[in-house]
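Student: Let chain A serve as the given structure and place chain B on it in line with the hints.
Here's the letter readout for the chains.
Number of protein chains: 2
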Amino acid sequence: MTNSTGTNRQSKDHVDVLIVGAGPAGMMLANWMSRCGIKTRIVDKRGTKILNGQADGLQCRTLEILDSFDIGHRVWREANHMIEICLWNPDENGRIRRSNRIADTIPGVSRFTQVVLHQGRIERFFIDSIREHSDIEVERGVLPSSFDFDKSKAADFNDYPITVALQTLSEEEATPQQQNGSATRDGLFRSNLAADDTEDLIKASKRNNAGHSEVVKAKFMVGCDGARSWVRKQLGFNLIGDSTDYIWGVLDIIPITNFPDIRMRCAIHSADHGSVMVIPRENKLVRLYIQLQSTTHGGGKVDRSKITPEIILQSAQRIIAPYNLTYEYCDWWTAYQIGQRVGDKFSLDERVFLAGDAVHTHSPKAGQGMNVSMQDTYNLGWKIISVAKGLCDPRVLKTYQSERRRIAQDLIDFDYRFSRLFSGRPAKDVMDEEGISMEEFKDAFEKGNMFASGTAVNYGASLIVAKEGSAVEQGDGTDVASAEKNRVISRNHLATGLNVGMRIPSCKVLSQADARPWHLQELLKSDGRWRLVVFPGDLQNRNNFNRIVKLGERLVSKNSFITRFTPIGQEIDSVIEILTVHSGSRIKIDLLDLPDIFHPFHKTQGWDYWKVFVDDESYHEGHGQIYQNYGIDPQRGASVILRPDQYISWVGEADDYDDMEQFFAAFMKPQGPASHL
Amino acid sequence: MTNSTGTNRQSKDHVDVLIVGAGPAGMMLANWMSRCGIKTRIVDKRGTKILNGQADGLQCRTLEILDSFDIGHRVWREANHMIEICLWNPDENGRIRRSNRIADTIPGVSRFTQVVLHQGRIERFFIDSIREHSDIEVERGVLPSSFDFDKSKAADFNDYPITVALQTLSEEEATPQQQNGSATRDGLFRSNLAADDTEDLIKASKRNNAGHSEVVKAKFMVGCDGARSWVRKQLGFNLIGDSTDYIWGVLDIIPITNFPDIRMRCAIHSADHGSVMVIPRENKLVRLYIQLQSTTHGGGKVDRSKITPEIILQSAQRIIAPYNLTYEYCDWWTAYQIGQRVGDKFSLDERVFLAGDAVHTHSPKAGQGMNVSMQDTYNLGWKIISVAKGLCDPRVLKTYQSERRRIAQDLIDFDYRFSRLFSGRPAKDVMDEEGISMEEFKDAFEKGNMFASGTAVNYGASLIVAKEGSAVEQGDGTDVASAEKNRVISRNHLATGLNVGMRIPSCKVLSQADARPWHLQELLKSDGRWRLVVFPGDLQNRNNFNRIVKLGERLVSKNSFITRFTPIGQEIDSVIEILTVHSGSRIKIDLLDLPDIFHPFHKTQGWDYWKVFVDDESYHEGHGQIYQNYGIDPQRGASVILRPDQYISWVGEADDYDDMEQFFAAFMKPQGPASHL
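So the sequence lines, in the order shown, correspond to chains A and B.
At position 574 of the first sequence (counting the first as 1) the number is 574 in UniProt numbering, and the numbers step up by one without a gap.
At position 279 of the second sequence (counting the first as 1) the number is 279 in UniProt numbering, and the numbers step up by one without a gap.
Chain A extracted, bound-state conformation (with noise of 0.2 Å):
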């Protein structure tokens, strides 16, 4: 179709939504937008994928964002787990020696331990993942280099408000110079001692006849484009904080010592010598975080030409001494400066975003920054896709802002905590008080833990998540709750196991048509879908039994939530999946038992026999225990409303069709016929 203007709106210049970055941030964005259909661009400035160094650390919450997408199975199987924290401080003779041993994972927060990967693989598994599900294709050496905001078309969410000139590079452009002489990576490039290339990027490239240069309009943007985002630049946002003076060295080897643990995560604190950070890797390699200096006060730039492997080197050897440690193979390495900070705004009128590193920077050894710039898209992805497509009311994108920015403000927190009690000298004895504590250290490592599985995060009460309070003070001061009128609260005592806002643990249950256990998470593909998660108790109780029977037939009545917000001409389970885990035994009923509507027919494949669970006893993998872990009682039950990112909207009774009406109500829209896209 071609418009007025002579436009072809259904070619590459208009898109819903363009991405600047093609990191971690921007390719799980990007890979949202694959699984559901949307038109999407996504570019980077760099020519070339990383092959080396960079970011390593995934959390547990972060393997089961992506085993939702089909590929959290391909890291698991290269990654090196990461088991044991062990401790390491001075004796009373100043010697460092092992104080103590720490579980890397808390036990129980998930069914994935921490792993590390690093940055390119996890990009390379995206790229394979978006590959297979359009035909969006990453464009590298792009950059975008004019931005105009028509704030007249904000409010319209069909129209296109964005306009962005992109410049292609031509190779040389796009390619990162490395420290001369050196035969290894070096990530200095990207580091924050290391000056700001994009300006000098886009001059160059207007100057450059080569350079390609087009117009794109866009419905969103999204800016995934790091530290120095040029996305938040044109936005006028900010970065709010300051950095440290602690300068640190990494440096990825294949490690050749004696001392004993270095396929451990270490932190040795030596007397004197400063701190390392030992996190072995995967393919042998061992990555080793060390504190180089506390020097040039006042924030005053380093001489990075001063900063070689060798001196790193040095400096680790003096932490470790008296074992050794040496390498022949050293993989990449890099220098940085500490600083943490939060933007200011996270968007502008929802149409434009900021995630990652372009809103949160922090110190990389807590192995967070990968995983929580994935986790900002992750949130955002499916709020855009569902408005993209008409489904949500708008609002749902204020939410964004109001969950990601309130956890970039824990982050940093905890961040700045860890960092300092890392960067620290160890004190001498209780008297020194300029010293940190290792009993402190110790402490602060371990609730860290949690903090770092990713598994903690709780989402404050908004129009998506149904709970108690003030919806401006759980989240980052923006109002995102529901009219006082529509508002739906959960009944938290139905499930004492699990907590509105947060993501939902996982057991196994065992599929009602064939008996193979499943970890629930598994069922939760990250597809768009909003899930009802019925648990009807036991269902040889007749009561029990009854009342699922009554819910459905109003779920599948003319006029139910589920019809009026599936597009007519859909799946009925396309906009809101019914799952069903009742309890009892598996034997004692067949699924056919149940109401249509927990199985649906479909007129050439039969009944859906891939939507009822229960919770009992299987032949080779133990008992999942769903009902007691949740807390939920067998002779009552409970209903629980899972958004498309698995974090928990509501909590009701078994068959509170009404109050699973008010909530849907609060933000979605009544359908036509599918043809919005």
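Calculated from the structure, these hints are not laboratory results.
Any given hint could be a false lead.
The list makes no distinction among identical chains, and a pair is therefore deemed to hold if it is satisfied within one copy or across any two copies.
[Stated by the list, open to error] The list that follows gives simulated cross-link-like pairs (lysine to any residue, SDA-like), each with its CA atoms no further than 20 Å apart:
1) Lys345 to Asn559
2) Lys669 to Asp658
3) Lys588 to Pro260
4) Lys284 to Gln605
5) Lys284 to Asp573
6) Lys508 to Glu621
7) Lys284 to Lys603
8) Lys12 to Phe545
9) Lys428 to Asp159
10) Lys669 to Asp159
11) Lys603 to Asn283
Tutor: For chain B alone, kept in the frame of chain A given last:
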């Protein structure tokens, strides 16, 4: 290098191994060769790979094997997992009802359960794996047309006694004809109801000038070319046995039915209309094996044009009544006559071998065919490799027939009993002697399950299996024993939970260096290496510790079997890898406390952190209790020698260097510098 007759020995016309047939058996063999750098060609007369139908059942043991090649996880993710078997029989009124539920995989026999995934996907995974590890390409539409064997060269394993002419077919010739007018793929062209087309293909190809022809010389040739094996015919070997009168149809459909157990594996015996086996599959498919008729007495050929999917469905509908059953989508179908036959010989002078359907045919319903076929070449592969590399005496090759022909005989016996019970009419009462007792059927099913898991295989005594008894009696009659003076006998009482001749079962152990839990089997990759697994017991016991210190000293001595049998210039673990699993507390021992040979030092990579394990509690995955499960006394220990296919060769005292030495010396060849390849 060009020899005197002008033949380039490095070119494609001289190969170590020529594989005829690229089904699962041929692919498994090519996969082995790809891992170990053996020059190989693999050809198949069919022009396209299989996309639908064919074999689908995968045993636990097959998954273990595929996992040892790092492709098991791909099967595990895509396959349908088989959890429960439901038996349906007529009640007193002749109406079918569920009489029993049985675990499909006996709990505890393996870390995998049985799964179903069609042959085409397995072949895909092999192709990916072969490509990743070698430049071997599967040559399709290529078939051998002449065979010559120079017996005078058979004893020199560096020479090429085999000469074969290969014809390349045109695309049309290589594409099998489907039944007229059908949109659904059928498998009749591969069925034993169809005539063999190999000779026609050869003739057509020779007539056709476009057909490319070439002559290949090979050290080894393996016929994996199916029940009508062209290779077998060249050798003049025979399949011995009978066909039955039962004709079976197979339908792969997405069923539309109210039969409650359609996603379970079911054996349904109707009172008067025969039997159906239900095999739920991947992608919502269900396979039905349906008994069509028991006519055509005297082995006459059935008119296959009379067999259609509609006829097969109607038979199924009669059996499954009063439940209804229909479909809109049929993926594939075929029909076959059950026959049980075993090859009389599996090898010509240990230079030409037969494997898979070429030496055993039977009913498909027990899901054994693809498994036993792949396991044939899994057994053969490493033996050919070790002889081709000059590491082992060629007598090792004799154990292929001894071990695998015995398995084929066992399989046929199993299948005979199982098919008879399945095909028969249910007995009306205890006086009904022509009918089959459903109790007897259930017992046979349960017993058959152990056999069907593939984990019960127990290879007889031989020069590579050090156990009591007659090698002739325990195998197929071939003499494969060591000379009496060299014979070593295992001390079974040191590991009462292990059976010499069986594959080692798996338990979880923790890595000493990083506390990560691994299944022992995950450490036993199929890379052609033998493994000495030392269980030294509790190393805080001074005596145990001293014993492994002494063992370590002998293992590193200049004349040790490890040193002697490893080519000079190769890594010390390249022929025999030493793994250690100690008992007692992980945290009381450091890896570097153990003698170097147990964690060898590499000058650029430092210590080897991946060879020492401990039987201890993990943080997240429980305690493997490997000493208890293997029946090894932690105060005494034991050592175990494993073949490259994970079968147990020998069990002895932890430090019984002399027996280890004698065992290996019976078939391994002392090495010079590594120049033989």
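Student: A separate judgement is required for each hint: does it hold in the structure or not?
Tutor: Here is how each hint holds up against the structure:
Proximity of Lys345 to Asn559 under the C-alpha cut-off of 20 Å is found in neither arrangement, the shortest distances being 40 Å within a copy and 72 Å between copies. With identical chains, the CA atoms of Lys669 and Asp658 are at most 20 Å apart within one copy only, with a shortest distance of 17 Å there and 80 Å across copies. Taking the closest pair of Cα atoms, Lys588 and Pro260 come within 20 Å of each other only across two copies (12 Å); inside a single copy the shortest separation is 55 Å, beyond that limit. Proximity of Lys284 to Gln605 under the C-alpha cut-off of 20 Å is restricted to the inter-copy arrangement: shortest distance 8 Å between copies versus 49 Å within a copy.
In this assembly of identical chains, the alpha carbons of Lys284 and Asp573 lie at most 20 Å apart only when taken from different copies (17 Å versus 46 Å within one copy). When the C-alpha separation of Lys508 and Glu621 is checked against a cutoff of 20 Å, the pair qualifies both within a copy, at 8 Å, and between copies, at 15 Å. Proximity of Lys284 to Lys603 under the C-alpha cut-off of 20 Å is restricted to the inter-copy arrangement: shortest distance 14 Å between copies versus 54 Å within a copy. Taking the closest pair of Cα atoms, Lys12 and Phe545 never come within 20 Å of each other, the shortest separation being 53 Å inside a single copy and 70 Å across copies.
In this assembly of identical chains, Lys428 and Asp159 lie within 20 Å of each other by CA distance neither inside one copy nor across copies; the values are 64 Å within and 74 Å between. Taking the closest pair of Cα atoms, Lys669 and Asp159 come within 20 Å of each other only inside a single copy of the chain (18 Å); across copies the shortest separation is 77 Å, beyond that limit. Taking CA atoms no more than 20 Å apart as the test, Lys603 paired with Asn283 passes between copies only; the shortest distance there is 16 Å, against 50 Å inside one copy.
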